[in-house]
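Colleague: Just so you know, the sequence shown maps onto residues 723 to 1086 in my numbering.
Derived from the structure by calculation, the hints contain no laboratory data.
Pairs of lysine-lysine, DSBU-like flavour, derived with a Cα cap of 30 Å:
{"hint": "1", "residue 1": "Lys880", "residue 2": "Lys832"}
{"hint": "2", "residue 1": "Lys832", "residue 2": "Lys798"}
{"hint": "3", "residue 1": "Lys1011", "residue 2": "Lys959"}
{"hint": "4", "residue 1": "Lys972", "residue 2": "Lys1006"}
{"hint": "5", "residue 1": "Lys1084", "residue 2": "Lys828"}
{"hint": "6", "residue 1": "Lys890", "residue 2": "Lys945"}
{"hint": "7", "residue 1": "Lys890", "residue 2": "Lys828"}
{"hint": "8", "residue 1": "Lys1079", "residue 2": "Lys1011"}
{"hint": "9", "residue 1": "Lys897", "residue 2": "Lys832"}
{"hint": "10", "residue 1": "Lys794", "residue 2": "Lys897"}
{"hint": "11", "residue 1": "Lys972", "residue 2": "Lys984"}
{"hint": "12", "residue 1": "Lys779", "residue 2": "Lys897"}
{"hint": "13", "residue 1": "Lys881", "residue 2": "Lys844"}
{"hint": "14", "residue 1": "Lys1006", "residue 2": "Lys1084"}
{"hint": "15", "residue 1": "Lys880", "residue 2": "Lys844"}
{"hint": "16", "residue 1": "Lys809", "residue 2": "Lys1084"}
{"hint": "17", "residue 1": "Lys984", "residue 2": "Lys1010"}
{"hint": "18", "residue 1": "Lys855", "residue 2": "Lys828"}
{"hint": "19", "residue 1": "Lys844", "residue 2": "Lys972"}
With beta-carbon atoms standing in for the labels, derived distance ranges:
{"hint": "20", "residue 1": "Glu793", "residue 2": "Asp1014", "range": "58 to 66 Å"}
{"hint": "21", "residue 1": "Pro985", "residue 2": "Gly869", "range": "38 to 46 Å"}
{"hint": "22", "residue 1": "Ala935", "residue 2": "Gln982", "range": "21 to 29 Å"}
{"hint": "23", "residue 1": "Asp1014", "residue 2": "Glu963", "range": "17 to 25 Å"}
{"hint": "24", "residue 1": "Pro956", "residue 2": "Lys794", "range": "48 to 56 Å"}
{"hint": "25", "residue 1": "Pro956", "residue 2": "Lys855", "range": "50 to 58 Å"}
{"hint": "26", "residue 1": "Lys925", "residue 2": "Glu949", "range": "12 to 20 Å"}
{"hint": "27", "residue 1": "Lys945", "residue 2": "Lys794", "range": "32 to 40 Å"}
Since we're looking at a predicted model, the values are computed, not measured.
C-beta atoms are modelled at their ideal positions from N, C-alpha and C, and glycine is treated no differently.
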Amino acid sequence: MQRTTHRPRLLTRPGVVALAAAVALTAGACAKSEDDASKDTQSPAAAGAEQKVVTPKPGSKTCAIDVYGAEKLDLKNATVGFSQSEKEANPFRIAETQSIKDEAKKRGVKLLTANAQSQFSKQISDVQDLLAKGADLLVIAPLNSDGWDPVLQAAAAKKVPIVTIDRKINATACKDYVSFIASDFVEQGRRAADQMIEATGGKGEVAILLGSAGNNVTTERTKGFMERIAEKAPELKVVFEQTGDFAREKGQQVTEQLIQSKPGIKGIYAENDEMGLGAVAALKGAGKKAGDVKIVTVDGTRNAVQGIVDGWISGVIESNPRFGPLAFQTLDTFTEGEEVPQDVIIQDSAYDADNAKTEIAKAY
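With these hints in hand, go ahead and build the complete structure from the sequences.
Modeller: Next up, the structure:
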């Protein structure tokens, strides 16, 4: 990196307070695909479906523009580049992209977008292209956590601030990027374990459908789940772990293998809804009945919550994809010269048999 390292100094904190107070921000609902989203008129997210921020703990690290080494600018006159990591087949990604587009339109900000189509080399090229096209600020939804040096160096050379969402880049906050906005993935894993313990009675054999390798979401959701199981339900044994790559088709294939190798499996923890829905399809194909195998997932898509209503899924931990308002608020506060948190943590809700039918409108 070529950026000069500045010695931190005490700074006023009005931006942190303002950003933490922005806990009722709305964004658009999901569309059929990214291409369709540009054509269709999107209805606003249901009341209560917006992202809410966990108040930063006292002493939490912050970032300010003079420490970062960028320059102040008026967001309304800036060009923002957004790099999406995955194909627009996953409802989470559809809702995430649409939220960014909706907020840019709402604020009158010029937005450049790119989709890596689940190819990391393409995402690196995409972001470099966004910089070449004149992006003053970047919002990146990383496919992988490692391998970002070429982009970080190019952005630093142009003094372009970066905000990452959903997945973390393994780099230095307030040097290589400004802020990371996401859920607490370890806590999501813990809460999923709590739902699995309740659904299974805390005994038996369970499986984990792992997310994609190489990113912090998979690692942390697994860590939280395993820690909570060991703490609260030592008689609940994880006997199978295999990646489903956050994809429904792969989740179905892996579950079909699971049913053959572990016919007595009592529960499946799917680290996103798409894999969980794939597991449901596999269980149906094997002649299982709803509830024979307890399934707990993470995301909060409409189809997964409907799966609770239908009895096939025991619980869903929300991972809210509506990042647009928080991402733009963070950029706006930062470029005005005020501090922003290095980690902006989202407070997620959850769905179970008690609230799925009444809360399904909040799902995406």
